[in-house]
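Undergrad: Quick note on numbering: the numbering used here labels position 23 of the sequence shown as 23, and the sequence is numbered without any gaps.
Keep in mind that a hint or two might mislead.
With beta-carbon atoms standing in for the labels, derived distance ranges [unchecked claim]:
hint : residue 1 : residue 2 : range
1    : Glu51     : His76     : 37 to 47 Å
2    : Tyr15     : Gly46     : 34 to 44 Å
3    : Gly46     : Gln19     : 38 to 48 Å
4    : Gly45     : Pro20     : 35 to 45 Å
Honestly, the hints are just simulated from the structure, not real lab data.
Just so you know, even glycine gets a beta-carbon here, dropped at the ideal spot from N, CA and C.
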Amino acid sequence: MPDKSDFLYPRSRYYGQVQPENLVFNANLQEFSQKVSYICNLETGGKISPEEAYSQIKSLWKSLKQSKKQLQIGEHPFDGNYTEE
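Please put together the full structure from these sequences, using the hints given.
TA: Here you go:
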C-alpha cells in the first residue's frame, strides 16, 4: 500500500541518459515542479497574493538554475554520444 509521501510527493521514472548529475537534476526538477504546483494552488485559493506566488516561484527558479549550473547540465551536450568513424 502506498504511503502518504508517495501520494503527496509523486516521482516519475527517469528515461534519459543515466548519469549521476542527470539523476540529481531530474530529482531537483521534479521537486521544483511539485513546489510550483503547490504555490499556484495557494495563489488560486487566495491563500497567498500573486506577488508572493511570483516571488516564491522566482526564488525556486533561481535555485533550479543554480543546480543546473553546479551539475554542469548541458555544458557538454555531445559527450557520450560521439562515435569516431
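Undergrad: Now tell me if each hint is right for this structure.
TA: Here is how each hint holds up against the structure:
| no. | hint | result |
| --- | --- | --- |
| 1 | Glu51 - His76: 37 to 47 Å | 39 Å, holds |
| 2 | Tyr15 - Gly46: 34 to 44 Å | 38 Å, holds |
| 3 | Gly46 - Gln19: 38 to 48 Å | 43 Å, holds |
| 4 | Gly45 - Pro20: 35 to 45 Å | 38 Å, holds |
In this structure, every one of the numbered hints holds.
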